[in-house]
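4 protein chains.
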Amino acid sequence: MTNKPLGVGLIGYGYWGPNLARNFAECAATELLHIADKRPEQREAAQRRYSSVIASADDEAMLRDTRVGAIAIATPTQYHFDFAMRAFAAGKHVLVEKPLAANAREALALVNEAKRRGLTLMVDHTFIYTPAVRYIRALIDDGEIGDVLYYDATRINLGLFQSDVDVIWDLAVHDVAILVYLLGERPSAVSAAGQAHVPGAPHNIAFMTLFFPSGLIAHVNVNWLAPVKIRRTIIGGSRKMVVYDDLEPSEKIKIYDKGIELTDDPDTVQKMRVGYRLGDMRAPNLEPGEALSAVVKAFVDAVRTGRRPDTDGERASLVVRILEAASRSAAMSGKPVAMAEYALEVA
Amino acid sequence: MTNKPLGVGLIGYGYWGPNLARNFAECAATELLHIADKRPEQREAAQRRYSSVIASADDEAMLRDTRVGAIAIATPTQYHFDFAMRAFAAGKHVLVEKPLAANAREALALVNEAKRRGLTLMVDHTFIYTPAVRYIRALIDDGEIGDVLYYDATRINLGLFQSDVDVIWDLAVHDVAILVYLLGERPSAVSAAGQAHVPGAPHNIAFMTLFFPSGLIAHVNVNWLAPVKIRRTIIGGSRKMVVYDDLEPSEKIKIYDKGIELTDDPDTVQKMRVGYRLGDMRAPNLEPGEALSAVVKAFVDAVRTGRRPDTDGERASLVVRILEAASRSAAMSGKPVAMAEYALEVA
Amino acid sequence: MTNKPLGVGLIGYGYWGPNLARNFAECAATELLHIADKRPEQREAAQRRYSSVIASADDEAMLRDTRVGAIAIATPTQYHFDFAMRAFAAGKHVLVEKPLAANAREALALVNEAKRRGLTLMVDHTFIYTPAVRYIRALIDDGEIGDVLYYDATRINLGLFQSDVDVIWDLAVHDVAILVYLLGERPSAVSAAGQAHVPGAPHNIAFMTLFFPSGLIAHVNVNWLAPVKIRRTIIGGSRKMVVYDDLEPSEKIKIYDKGIELTDDPDTVQKMRVGYRLGDMRAPNLEPGEALSAVVKAFVDAVRTGRRPDTDGERASLVVRILEAASRSAAMSGKPVAMAEYALEVA
Amino acid sequence: MTNKPLGVGLIGYGYWGPNLARNFAECAATELLHIADKRPEQREAAQRRYSSVIASADDEAMLRDTRVGAIAIATPTQYHFDFAMRAFAAGKHVLVEKPLAANAREALALVNEAKRRGLTLMVDHTFIYTPAVRYIRALIDDGEIGDVLYYDATRINLGLFQSDVDVIWDLAVHDVAILVYLLGERPSAVSAAGQAHVPGAPHNIAFMTLFFPSGLIAHVNVNWLAPVKIRRTIIGGSRKMVVYDDLEPSEKIKIYDKGIELTDDPDTVQKMRVGYRLGDMRAPNLEPGEALSAVVKAFVDAVRTGRRPDTDGERASLVVRILEAASRSAAMSGKPVAMAEYALEVA
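Chains as they are written, first to last, in the working numbering: chain P, 18 to 364; chain B, 18 to 364; chain R, 18 to 364; chain V, 18 to 364.
Some hints could be false.
A pair holds if it fits inside one copy or across any two, identical chains being indistinguishable in the list.
Cross-link-like lysine to any residue pairs, in silico, SDA-like; alpha carbons within 20 Å at most [what the hints assert, rightly or not]:
#1 Lys314 with Gly24
#2 Lys246 with Ser267
#3 Lys246 with Arg299
#4 Lys132 with Val182
#5 Lys132 with Arg103
#6 Lys132 with Thr143
#7 Lys246 with Arg256
#8 Lys55 with Gly232
#9 Lys246 with Pro301
#10 Lys246 with Gly296
#11 Lys246 with Glu304
#12 Lys246 with Glu48
#13 Lys21 with Gly163
#14 Lys246 with Leu264
#15 Lys246 with Ile277
#16 Lys21 with Glu48
#17 Lys21 with Glu161
#18 Lys352 with Pro230
#19 Lys246 with Asp274
#20 Lys314 with Arg203
#21 Lys21 with Leu177
#22 Lys352 with Gly232
In short, the hints are calculated from the structure, not lab data. Predicted model only: the values in this text are computed from it and were never measured.
Using the sequences and the hints given, assemble the complete structure.
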């Protein structure tokens, strides 16, 4: 291709922004032109690292710059909506950090605005671009694991306590995005419960359950106050079962040829007509590679072709609606919230 | 002591009964006199193993036998009530397999009947008699882990599918019993959700959340359809945190000197006034020993002294009430059920 | 088959003897008739457990008993030779605990005596009858792992310190037997080094290296004074590599499709013409089953058919010769001992 | 201190050189002025990363530059001697990658030359500057683990095959350096055996045993052709035992209060007068921090104060002598080589 690189302006150079900056700088198809952060010391750090980049306190310069085709937003969630709307108004494509927005109404407005203007809106749900999650998707698409019966994720560690979002919006968001990517169906209801152990702060431990029309049940256990770090998801299928442990240096995915089979053995009070199938376990070799690099490539591809990326605004908006339902349920100590209440749809 | 051994009759020689039989036979303070099971092949197996025991199809012989001071009941849960009531009527002390009864009403009736007759009613919640659980109790009692903030248990494996009870009554019962033993407070509400992957069968996967007045939150993840076996409980305390992994051959308990501390650092949008405390981990050496042997000793001690065992009828009745609340919640897809609805109390 | 069960007399009811007794008692093809042990308390324990067995202080009764067709010897190693020779003289087949004898001369004499009299001599190298080791043998025979390049075993734990044999004769004997079973070739030389940390006692830590004509190198690390228990063997092949961890409850064997490939890339000072092949890992499902039960079945089969069992006297004699070479090397701080010095062969 | 930063020239920008460069650039006490590499593409990479650095094909410019006080050498081992000698001749202090030199003669000559000129010679044995190894040293110095009875290291993985050094010089060098740092005594003899699985290439698997006058025995298992990565060292002490697993993200060190105790129990053939002590395990919290940063700080400190760093030329020369003895032993299939043959000493 003889395309010129896509000029990029980055807003927010805090925790995640430097990673985005590095990937935009390293990608041959993008050119990092601007970095905005209201904190002087962050601007200085950015300038030291990228001497040719224009560092500013706000987004004015990058929005005016005609070389800039796309804006990446890595600010706290509450600011996503305003920055993205301003970028759209300036005719720029947008890549937003997860979650797309602080609530479903804003998320939907962003989706509609991008659609109306014919611009790309993509969210950096990084996990969707990891070799592991893509491999699991292929296992599902190929029918190897059969019907998905359950999804059970544990995502716990000590820190980082956030003040603007709770642990569901910070950690469970990953699992909700993965579920939206992996499955062809939407949850019908969501239940969540949590607890804040710092007075006045958001929940730092939470348990979320998603109910799907097919009977599939998904569960996510998230915790900022755990003594050990765990990143483990079990996916039960009617034919095979998968354990995905993101902390394993290799062998992140293990596929178990295990399950149950209904039998004709006479039923008893003690035992069901259930037989157990015990077969081999297989850990596929996964190609290495930084997921964020694939995020940048997918964004460029979406901008250039107009095709929907895997984490487009609509899917990311569904993620936000599920998180919002979880928040409402958590406020009622786990009373399930039907997703039909989130019937807002794209215009 | 010059006490004669306590004569014991055992009802039910199926999955767990043989373990009870062996421990009664090996304990110097008990004498196994009768075994009843309606299945001839089970009676024959019992007779081969214990040639001097009287094997019968029902409990008539053991109830009449004046040498028998106590009855142990290891039948399916639904029969606990009738067998225990008949034993009390015959003036015998009773040890029942977990859970005490199939519902709260029956459990309470058993507690009241034992009280009325001055007989011992104890439930074999075996985990309460393991060195690991007793060690954790001591950590709590000594104040070493501070306030208990959360309890998070995962108890999953492939099988054994049951037809008479669901996975909560089969597996989560252990955690509920442990919680009742460890904590000085009762849950105020219970939420549970589950799914049956065998049509018409009980739930084989479930997630239960218990809310306590102090703010403590407890969560239990149970599953008969998991490709891997996990038995891991994390207990978060305000001073220390414990990981209890029952599958570890040694080092079942790890005590982490980790946690958070509120600081005076200026708050920011990104970061709380939270500091992280990272200290040593300690895995205490636990004395070996079969828990069921300690169950038998505790039962004999309770019979002889009249003292309440750690898993007496009242506490075991609370376990049943919590399980019943979980079942009601699960029937409503996780809607929390207040424990105040279970205000039935011992007469 | 209408064969009568093989009558068995067992000598030695200490650490391992009771396991042999139980398997002879449970096997339909064998009948446990005698147990001999010079210690009264061991005889009493045996009698309590097996009421119909004849318990004696020595082997006289069982050797005279015409119902006895075979003698099993589970005494300390130093007594194997005499008891086995007496059994052969009485026309009995013999199963001996590992190792076959205390030195190569005695081992060879036993092999020759069994051959001369046409009697079965088998050694209970239990590991050879485990599903894991048999699976690895099949991997080698089928060519799946290619040429065996190395065998690297770690077999360490705290205890049991022995006074009559050192840690090589106690623990490395398992690996030597496995090597003899797995491979079609004999080592050409053996090197071993060790240390005794209890004054005057045998070596409690040792490292043994076996050199094979093909270039294969085998290494065994054994230790009675380790804080953790490890039972892990890595087998490197030219096509695949195997990790065998005997402490894994499931997934004892993992087969890695990994290796190197010589390439035509230009050589540099820093890097060889070596490419790395990274493929999937597979953990086969292994059938459960107690290995000692398979030992008893193999012994009966050998007695009845006259066929050589996998751990017959000749192979077990080779094991002893390798251990003896290791002992000689260890006495010289690791100076290699050529196996040609052990050219004694079966008459 | 008002010291000006130490000007540094780096020779070799291949595998490890960039890490040294980054640490010299980040350290406030050093200033990276020159980088030399004969490969143009490496010079370009260095220049892109450090725009103000002078990149050259050889060391002439940096040796002439009076701002340069020290030379760091990260070339293949065979070139260490010449570059270091030239640096000394130019009056520069020297930091050399491990191992110090390709043979004992060269190593000794470097030590003597540095001494003669009063210049600092330090070797980057990085592990010596990790929190884990320093913690273990403190455990030994404080007497907590008692007498060191054995050191048993496993350091295996797939790759990187080297063509200029074998696996002992590449991997076991770390353990030899750690042993020299941890212990107050020198080995009296070394035995090593290995095998090359690539024809004509150096050994890619090797086993080394070091014998010490006190009875301490050290063993190192190194392998470039292993399907799994292991970095585990067990240190047995008379009072406590340590397991050091460098791949653990936290809990790299576990200290076991385990061991044996000689008892007065009557000896038997089966059992020693040995009792087992089983106590708690403790995993200390280790301060985070990149070891290479500590290496740079230690080098600057040594240059400024003239004090001997922990990995000074003399100790690094001992490491080389031990490796050379291992090579000689490996050439004789494990025949032990007495260290007395390496009696060359510093002039």
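How the hints compare with the structure:
no.	hint	verdict
1	Lys314 with Gly24	within (13 Å within a copy, 41 Å between copies)
2	Lys246 with Ser267	both (17 Å within a copy, 10 Å between copies)
3	Lys246 with Arg299	between (24 Å within a copy, 17 Å between copies)
4	Lys132 with Val182	neither (28 Å within a copy, 52 Å between copies)
5	Lys132 with Arg103	within (15 Å within a copy, 68 Å between copies)
6	Lys132 with Thr143	neither (23 Å within a copy, 55 Å between copies)
7	Lys246 with Arg256	between (30 Å within a copy, 18 Å between copies)
8	Lys55 with Gly232	neither (48 Å within a copy, 38 Å between copies)
9	Lys246 with Pro301	between (23 Å within a copy, 17 Å between copies)
10	Lys246 with Gly296	between (30 Å within a copy, 15 Å between copies)
11	Lys246 with Glu304	between (24 Å within a copy, 18 Å between copies)
12	Lys246 with Glu48	neither (36 Å within a copy, 38 Å between copies)
13	Lys21 with Gly163	neither (44 Å within a copy, 51 Å between copies)
14	Lys246 with Leu264	both (9 Å within a copy, 15 Å between copies)
15	Lys246 with Ile277	between (31 Å within a copy, 15 Å between copies)
16	Lys21 with Glu48	within (9 Å within a copy, 38 Å between copies)
17	Lys21 with Glu161	neither (41 Å within a copy, 50 Å between copies)
18	Lys352 with Pro230	both (18 Å within a copy, 18 Å between copies)
19	Lys246 with Asp274	between (27 Å within a copy, 15 Å between copies)
20	Lys314 with Arg203	neither (27 Å within a copy, 54 Å between copies)
21	Lys21 with Leu177	neither (39 Å within a copy, 39 Å between copies)
22	Lys352 with Gly232	both (18 Å within a copy, 17 Å between copies)
Checked against the numbered hints given earlier, this structure breaks hints 4, 6, 8, 12, 13, 17, 20 and 21; the rest are met.
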